[in-house]
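**Q** Protein chains in written order, with this note's numbering: chain C, 1 to 115; chain V, 1001 to 1113.
Don't read these hints as lab results, they were simulated from the structure. This one's a predicted model, so the numbers in the text were calculated from it and none came from an experiment. Beta carbons: idealized from backbone N, C-alpha and C, even for Gly. There could be a bad hint or two in this list.
[What the hints assert, rightly or not] Sample of chain C residues facing chain V (criterion: CB under 8 Å; computed from the structure):
| hint | residue |
| --- | --- |
| 1 | K41 |
| 2 | I56 |
| 3 | G98 |
| 4 | V101 |
| 5 | T103 |
| 6 | P108 |
| 7 | G109 |
[Claimed, not checked] Computed spacing ranges between beta-carbons, pair by pair:
| hint | chain 1 | residue 1 | chain 2 | residue 2 | range |
| --- | --- | --- | --- | --- | --- |
| 8 | V | S1009 | C | K9 | 24 to 34 Å |
| 9 | V | I1060 | C | K44 | 19 to 29 Å |
| 10 | V | G1008 | C | L54 | 34 to 44 Å |
| 11 | C | E82 | V | S1080 | 43 to 53 Å |
[Claimed, not checked] Each computed DMTMM-like pair below joins lysine to aspartate or glutamate, with the alpha-carbon atoms no more than 25 Å apart:
| hint | chain 1 | residue 1 | chain 2 | residue 2 |
| --- | --- | --- | --- | --- |
| 12 | C | K36 | V | E1088 |
| 13 | C | K44 | C | E58 |
| 14 | V | K1108 | C | D85 |
| 15 | C | K40 | V | E1088 |
| 16 | V | K1108 | C | D38 |
| 17 | V | K1069 | C | E102 |
| 18 | C | K41 | V | D1085 |
| 19 | C | K40 | V | D1085 |
| 20 | C | K44 | V | D1085 |
| 21 | V | K1100 | C | D30 |
| 22 | V | K1058 | C | E102 |
| 23 | V | K1049 | C | D30 |
| 24 | C | K19 | C | E58 |
| 25 | V | K1049 | C | E58 |
| 26 | C | K44 | V | E1088 |
| 27 | V | K1100 | C | D38 |
| 28 | C | K41 | V | E1088 |
| 29 | V | K1049 | C | E102 |
| 30 | V | K1100 | C | E53 |
| 31 | V | K1100 | C | E102 |
| 32 | V | K1100 | C | E58 |
| 33 | V | K1100 | C | D70 |
| 34 | V | K1100 | C | E24 |
| 35 | V | K1068 | C | E102 |
| 36 | C | K41 | V | E1064 |
| 37 | V | K1100 | C | D85 |
| 38 | C | K9 | V | E1088 |
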Amino acid sequence: DTAVSQTPKYLVTQMGNDKSIKCEQNLGHDTMYWYKQDSKKFLKIMFSYNNKELIINETVPNRFSPKSPDKAHLNLHINSLELGDSAVYFCASSQGGGNSVETQYFGPGTRLLVL
Amino acid sequence: AQSVTQLGSHVSVSEGALVLLRCNYSSSVPPYLFWYVQYPNQGLQLLLKYTSAATLVKGINGFEAEFKKSETSFHLTKPSAHMSDAAEYFCAVSPGGYQKVTFGTGTKLQVIP
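Generate coordinates for the entire structure from the input sequences, incorporating the hints supplied.
**A** Here it is as C-alpha cells:
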C-alpha cells in the first residue's frame, strides 16, 4: 500500500539516451512534484503539477518534460541524457491546490546513473 | 527570496545524549518552516512544521523545534538520541501560497552507541 511509488527504482543508461520515470500516488492528493537530489544531497524542486496543470516550473533544461495524464500520476521524461543528470529523482505529492504549507509525501526515489 | 542554512553537515551524538540540529532561515515574508528526515535509500518524511501558530512545534519521534524570529532560527532538538535517529535531516522554508519549498543542504546525524 505504498502511498507514493516510483518506477524504476534504479536506472543505468548511456549518454544520449531518452528515459522516463513514472510516479503514482494513491493518497488522493491534487498536487505532485518532481525533485532532483544531487550527490551532495542538495534537494531542488524541478516541477509541480496541480490537477494536471503545471504550477511550478523551475529553470531546468527543456530536455526534461513532465507529463501528468491524471492527478494521480506525474511522469518525467528526459531526452538526450547527460552525465550531469545523474542524481536521485524524487516524486512527491500534497493535498490542496499546491499551497506550500501542505505536507509533502515523498516517494522512495529513482537513482539515475548516466554513463 | 528565501533560503535556509544548516550549520554542520555532520553531527555525531552518543546514544541518550541531546540532539541539536541547527537551521537558520532567510525570508522576505513571514516564513513557514519544516524539518524533514531521510533514512538511507528512502524518500523524505515530515518531522514537523511551523505555520505561525505556536512557536514551539512538536513533531514525530520525540523531536521538537522552536521558531525564534529574533534569531531567524528553527533548530531541531530531541532530549535523548536513539540509534534509530541516525539519518539525514533537512530544514526547509516556504513563503506560503503557491510558492516552492526551498530545502537546506542537510545534516547527517550519526548516533554512537
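**Q** For each hint, tell me whether it holds in the structure or not.
**A** Evaluated hints:
Evaluation of the K41 (chain C) hint against chain V yields a held restraint, the C-beta minimum of about 5 Å falling below 8 Å. The criterion of a C-beta within 8 Å of any C-beta in chain V is met by I56 (chain C), whose closest approach is roughly 5 Å, and the hint holds. Against a cut-off of 8 Å between C-beta atoms, the interface hint on G98 (chain C) holds, since the closest Cβ of chain V lies about 5 Å away. Taking 8 Å as the C-beta cut-off, the interface hint given for V101 (chain C) holds, the closest approach to chain V being about 5 Å.
Hint status for T103 (chain C): holds, given a least beta-carbon distance of 5 Å to chain V, under 8 Å. The beta carbon of P108 (chain C) comes within 5 Å of a beta carbon in chain V, closer than 8 Å, and the hint placing it at the interface holds. Checking G109 (chain C) against chain V: minimum C-beta separation of about 6 Å stays under 8 Å; hint holds. Between S1009 (chain V) and K9 (chain C) the CB atoms are about 26 Å apart, so this pair conforms to the stated range of 24 to 34 Å.
Judged by the Cβ atoms, the range 19 to 29 Å given for I1060 (chain V) and K44 (chain C) holds: they are separated by roughly 25 Å. In this structure, G1008 (chain V) and L54 (chain C) meet the distance hint of 34 to 44 Å, their C-beta atoms being roughly 36 Å apart. Between E82 (chain C) and S1080 (chain V) the CB atoms are about 46 Å apart, so this pair conforms to the stated range of 43 to 53 Å. Between K36 (chain C) and E1088 (chain V), the direct Cα distance comes to roughly 16 Å. Compliance with the 25 Å bound is thereby established for this hinted pair.
At most 25 Å may separate the alpha-carbon atoms for a hinted pair to count; K44 (chain C) and E58 (chain C) meet this at roughly 9 Å. The hinted pair formed by K1108 (chain V) and D85 (chain C) meets the criterion: a straight-line CA distance of about 24 Å does not exceed 25 Å. Between K40 (chain C) and E1088 (chain V), the direct Cα distance comes to roughly 12 Å. Compliance with the 25 Å bound is thereby established for this hinted pair. Of the pairs offered as hints, the one joining K1108 (chain V) and D38 (chain C) holds, with about 15 Å between alpha carbons and a cut-off of 25 Å not exceeded.
Between K1069 (chain V) and E102 (chain C), the direct Cα distance comes to roughly 21 Å. Compliance with the 25 Å bound is thereby established for this hinted pair. Between K41 (chain C) and D1085 (chain V) the alpha-carbon distance is near 18 Å, which keeps this suggested pair within the 25 Å criterion. A distance of roughly 20 Å separates the Cα atoms of K40 (chain C) and D1085 (chain V); the hinted pair therefore holds under the 25 Å criterion. Our distance criterion of 25 Å between C-alpha atoms is met by K44 (chain C) and D1085 (chain V), whose separation comes to about 24 Å.
Simply put, K1100 (chain V) and D30 (chain C) have alpha-carbon atoms about 16 Å apart, close enough for the 25 Å limit, and the pair holds. Pair hint K1058 (chain V) plus E102 (chain C) holds up; C-alpha atoms about 17 Å apart against a cutoff of 25 Å. Straight-line distance between C-alpha atoms of K1049 (chain V) and D30 (chain C) comes to about 20 Å, which keeps the hinted pair within the 25 Å bound. Our distance criterion of 25 Å between C-alpha atoms is met by K19 (chain C) and E58 (chain C), whose separation comes to about 20 Å.
Between K1049 (chain V) and E58 (chain C) the alpha-carbon distance is near 24 Å, which keeps this suggested pair within the 25 Å criterion. A threshold of 25 Å between alpha carbons decides the hint, and for K44 (chain C) with E1088 (chain V) the separation of about 16 Å falls inside it, so the pair holds. Pair hint K1100 (chain V) plus D38 (chain C) holds up; C-alpha atoms about 18 Å apart against a cutoff of 25 Å. Taking the CA atoms of K41 (chain C) and E1088 (chain V), the gap is about 9 Å. The hint holds against a cut of 25 Å.
For the hint linking K1049 (chain V) to E102 (chain C), the alpha-carbon distance of about 9 Å falls within 25 Å, and the restraint holds. A C-alpha spacing of about 15 Å is found between K1100 (chain V) and E53 (chain C), which places the hinted pair at or below 25 Å, so the restraint holds. The straight-line distance between the Cα atoms of K1100 (chain V) and E102 (chain C) is roughly 11 Å, inside the 25 Å bound, and the hint therefore holds. Distance check on the hinted pair: K1100 (chain V) and E58 (chain C) sit about 9 Å apart at the alpha-carbon level, within 25 Å; holds.
Of the pairs offered as hints, the one joining K1100 (chain V) and D70 (chain C) holds, with about 22 Å between alpha carbons and a cut-off of 25 Å not exceeded. Annotation: proposed proximity of K1100 (chain V) to E24 (chain C) holds, straight-line Cα distance about 21 Å (limit 25 Å). Restraint check: the Cα-Cα separation between K1068 (chain V) and E102 (chain C) comes to about 21 Å, which is no more than 25 Å; the hinted pair holds. Under the criterion of a C-alpha separation no larger than 25 Å, the hint pairing K41 (chain C) with E1064 (chain V) is consistent with the structure, at around 23 Å.
Taking the CA atoms of K1100 (chain V) and D85 (chain C), the gap is about 21 Å. The hint holds against a cut of 25 Å. As the CA atoms of K9 (chain C) and E1088 (chain V) are separated by approximately 20 Å, the hinted pair is consistent with the 25 Å bound.
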